[in-house]
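*Asks:* Residue numbers (this note's numbering), protein chains in the order written: chain Y, 1 to 309; chain G, 1 to 575; chain W, 1 to 326.
Just so you know, these hints were derived from the structure itself, not from any lab.
Here the structure is a predicted model, which is why all the values come from computation and not from measurement.
The reader is advised that the hints may include incorrect statements.
[Stated by the list, open to error] Derived CB-CB ranges, DEER-like:
id, chain 1, residue 1, chain 2, residue 2, range
1, Y, V112, G, T207, 37 to 47 Å
2, W, L147, G, G393, 53 to 63 Å
3, W, S287, Y, E47, 44 to 54 Å
4, Y, R49, W, N81, 42 to 52 Å
5, W, L227, Y, H57, 22 to 32 Å
6, Y, Q86, W, G67, 11 to 21 Å
7, Y, G85, W, N81, 25 to 35 Å
8, W, G67, Y, Y68, 36 to 46 Å
9, Y, F61, W, N173, 44 to 54 Å
10, W, I23, Y, S131, 21 to 31 Å
11, G, D203, W, L20, 51 to 61 Å
From the three backbone atoms N, C-alpha and C, an ideal C-beta is built for every residue, glycine too.
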Amino acid sequence: MWWYVAKRLLQTIPVFLGATLIIFLLTKLRPGDPIVALAGNKPISDEVRQALRDQYHLNDFVLVQWLYFLKDVVTFNPDFVGLDGQPVFQKISNALPVTATLALMALAMDAVIGIVVGTIAGLRRNGWFDSITLVLSLVLLSVPIFVVGFVLQFLFGVKFGIFSPTVGGDWSVGDLILPAFVLAIANIATTTRLTRTSVANNLTADHVRTARAKGLSESLVIRNHVLRNSLVPVVTYIGINLGSLMAGAIITEGIFNVQGIGNLAFQAVNRGDTPLTVSVVAVMVMIYVFMSLIVDLLYAVLDPRIRYV
Amino acid sequence: MTTQPVNDAPLLEVKDLKVGFRTGKKAVLTAVDGASLSIYPGQTIAIVGESGSGKSTLAHAVIDLLPGSGHVISGEILFEGRDISRADRKAVLALRGSSIGLVPQDPMSNLNPLWKVGRQIKEALVANGVATGDAADKRVVELLEEAGLPDAETRARQYPHEFSGGMRQRALIAMGLASRPKLLIADEPTSALDVTVQKQILDHLDTLTDTLGVAVMLITHDLGLAAERADHLVVMYRGKIVESGPAREILQDPQHPYTKRLVSNAPSLASQRLSSVRARAEVREQAVQTASEIAAEVAESSSALGEGRDDILVAENLTKIFTLRGSKPWEKIDFAAVEDVSFRLRRGTITAIVGESGSGKSTVARMVLDLLPPTSGNVIFDGKNVRDLKGRGEHLRLRRQMQPVFQNPYASLDPLYSIYQSIEEPLRTHEIGTKKEREAKVRDLLDKVSLPTTVMSRFPTELSGGQRQRVAIARALALDPEVVICDEAVSALDVLVQAQILELLNDLQAELGLSYLFITHDLAVVRQIADDVLVMQNGKVVEAASVSEVFDNPGQEYTRRLLDAIPGASIPLGG
Amino acid sequence: MSETRPGQERFVAPLDETPLRAIDAVDVDAVPESQWREAWKRLRRSPLFWLSSVIILVLAVMVAFPGLFTDVDPYARNANNLSNQFAPPSEGHPFGYNFQGGDIWARTVYGARASVAVGVLATIATVLLGMISGAVAGFYGGITDTLVSRLSDIFFSIPLLLACIVVISVINNIFPNRGFWGSVSVVVLALAVFAWPQITRQMRGAVLEVKNLEFVDAATAIGASKLTNLRRHIVPNALSPVIVSATIMLGVFIVSESALSFLGLGLPQNIVSWGNDLSDAQTLVRSGQHLVVMWVPATALAVTVLGFVLLGEAVREALDPKARKS
């Protein structure tokens, strides 16, 4: 298994390099001198400008610039600064906790609600609960996240005042309940559908019939042979979503004014701040790659048939 | 008549049972119609029938595990005198496992892949109140040993995927017998296994149920196997019992026309008939003659690939080595799927390659068909080494002269192609004839394989397995080949359909002078159709001889084992 | 020979009760039914399919002839009249006016065009890219497969929305004014370039499964070339999962466009689109006033996406091989 982990870690290198290179090149396509944008309206002397260009390696060939960037990222260089002169890693480490908490809370809601509702629907396939769940999950999949966000923000934040409508820089876990739920909605719908299908398919599996023939009570059959087997694909799906939840947080963070990584990315892109943009993307890519590795390993724990070669 | 004690009451009595499946709002499909049978304690009875005869449905009704919308419509199922078809859930639950055990059909899908084997057996012990805790663990090991699994203690801690098919079936037997039921339902318990493994397991099951005094209800499609294992036979056809009675009596003197058909066509039984050997000799004589005429034409013609030789297909030292990945990234394991296999196929005859799963027989077929390049060795088609073929043109000519018929009738036709398109495809690929001529040829081919031309516009999913196999044969014949490679071409079919297809292959050979390379796991079929046999084991040829030699005087221990394993071969037949 | 016990006497069913049928007889009266036709038959029976068809049909008419639904043209020079700001509904203006004094209903009707254009074009582009790359990777295997798979890994690892933001923001700075189709194609490009790996993986898996089936070997043995085999047998048989995904993807892309517009990076402000209208509405919503400004485009968007999600669901059921057997 360790060979597998090593191989997977090796495979992440080209993904990381490729993803950062793509975003790096894209941001470099942006016209205009970033130094001029940095200076804003202030007049800037040529010497200062050249000095700044040198500092940001802007006079080098674009691939060399990318290598400089890689060096800074890989070494977590604390002096690696964005266009506004602020250290990139400090900004990211300030913004990461709130987004990570938000995404993890959404993940937890997704797992609990999706699995419970999906299981009930799957066990009572084509019953009224199943039908309602189907309609509800399809509707939830269709309504854009920001519309749901605004409606819930208005209802629970403004009208009933149960939650604070915006989060701001000084956040607590309680403030994040509403945004996390909004973030989780689409995933809950999908997890429910997936669990339902998985449970329903497993109910007719041969080994479940054999378990019944052994004389096991219905509740034991469901618990040990239907649910356990159904959860393998569901857990995999939920796990792989942490990355997409963090990215999806751009919208949610915008609605609830959360000072997280999505917000940071959005500002960086809008300002044309290449170092910060690419760094944020690099972090996202790393999280995605790391999560998919975890999910793969988890899969092996859940399913003994999976062997790593 | 009555030496048997009269107080001996049946263990299970099925009376006029009718089982149906709901197919629509009101529509009901009757799967079992008016079935009655009795099983006495400790007795083995067999229910025989083809797929769709209702035999498995009957068995599942007894243990109340009918799938989907299946339900008992009328009739009684009396277990020890109590009607269980109307019993409540709790009463049925109490019977399952502890009074009625089940050994299911497919060992691959009937164990939960996520739990250790030992735990799955323990579960049965605990649920039926036989044992708990450490005592149960100990009992599990004993049960596995009893089922004939060596090294049971280690095996109990392993997962199903670490078991071979035979081992899984043994575990399932241990599970079915775990709580010492009085009746064991064995639903085709060995049909997914190789013949030699099948024999071992059935022998073991026999001894075990005899010692324990367990009654067995054996469900099988194989009449020979049923007669060999059971005292009482029940023959089912289209949901109804057509004949039942003492096994030997039925075999030697079948009364119902359906049973007669079964007895005369079951390959395991038919293989001992001399009549089939004589019929084969006639076919061969005719085929060899037609083939030699064709050979003369080929020798003259410049467009054909071959030289008109007598040995139309020769394999020389064929070897295929697959390289597998090891547990470490730099490790490579060489696996010889086929090692040094040589044979020759004479024009107008049939050479069979027989072997169990993993013997490499299908790999040989793929190499001969030029679908898989051999690691070393040569395939020589009518004097031409396939390796030396140049360009697409020569390869296409080889393809024209050698065509395959594959095993799986559900996968060998493109489901999106109509029957017409499927048969026409080879003609179109080789740009033969105009559209009209091609249509005439397709009609002619359908006629040759005895299918009505109305099927032309139909699609494979609408045809039965046997009908699809006919279409596959028609497609193979479209290019007027000289050699047809049949890779397990009849293995997936019901006995009667299988016999029909074999007859068709024989007729076509006599008419067209074809030569067949016939790949199969079933030695019984070989006797009916082949002239020469190659017995393969683990990638190597263990015996090569004529059919009569192999059957009458097998030279190798392995061949003898294969012959012994043919179920029912030892039962003398009447008529 | 053991004695016969009661209930086990020799029994032969009367032949008239159990007539023999010809072995493996062909049902000559059956109507031919291809897989696609069979799927269509099942689709026709599905209420989900009809509901979604109605939604999509109305949408299609709205896209083609917006004039049938409203007399107001929001692209007209005098379409926005500040004196109409938040004016209540009136004859011909069923939902009243927005902050700029634009007719809410007319804007929603005309906005359909942008949303649908992005959804349809992005789906076509993504499916083409994904189908070709996935089929090639799965069929040829080896180094081709490794290359395509690694490349798709890279694009898959970057979150879609984030990648789109970067692409669109850069292009916005290069070509600030692009007109309707120019703007639409930028969003389409951004979505397609980063969404194709999803289809690639699916197609690759399906092709790997199909290419080992015996009918592919049979076609090779007939003499069909690799490419012919891929085109005639493998791709058509690997298509159903992609069709289902494509239908659902269409809905997802429409939502994505509105999300991008919401962030100010979708279609430019001068294009009437649901995303832009929703983006405009956000400040009003916080205060809980004039909610109709949000409800109308939001409902239109949700119903549209629901139409495609339902269609995907119906098609999935119709193409499900498990459903086929019964």
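*Asks:* All hints, please: hold or fail.
*Replies:* Evaluation of the provided hints:
1. V112/Y / T207/G: 37 to 47 Å: 53 Å, violated
2. L147/W / G393/G: 53 to 63 Å: At roughly 33 Å between Cβ atoms, G393/G and L147/W fall outside 53 to 63 Å, so the hint is violated.
3. S287/W / E47/Y: 44 to 54 Å: The hinted range 44 to 54 Å holds for S287/W and E47/Y, with Cβ atoms some 51 Å apart.
4. R49/Y / N81/W: 42 to 52 Å: Holds - the Cβ-Cβ distance for R49/Y and N81/W, about 48 Å, lies within 42 to 52 Å.
5. L227/W / H57/Y: 22 to 32 Å: 47 Å, violated
6. Q86/Y / G67/W: 11 to 21 Å: Once the Cβ atoms are compared, 53 Å apart, the range 11 to 21 Å for G67/W and Q86/Y is violated.
7. G85/Y / N81/W: 25 to 35 Å: Check failed, 47 Å falls outside 25 to 35 Å.
8. G67/W / Y68/Y: 36 to 46 Å: Since the Cβ atoms of G67/W and Y68/Y sit about 57 Å apart, the hinted range of 36 to 46 Å is violated.
9. F61/Y / N173/W: 44 to 54 Å: 22 Å, violated
10. I23/W / S131/Y: 21 to 31 Å: Since the Cβ atoms of I23/W and S131/Y sit about 45 Å apart, the hinted range of 21 to 31 Å is violated.
11. D203/G / L20/W: 51 to 61 Å: 35 Å, violated
The earlier numbered hints that this structure contradicts are 1, 2, 5, 6, 7, 8, 9, 10 and 11.
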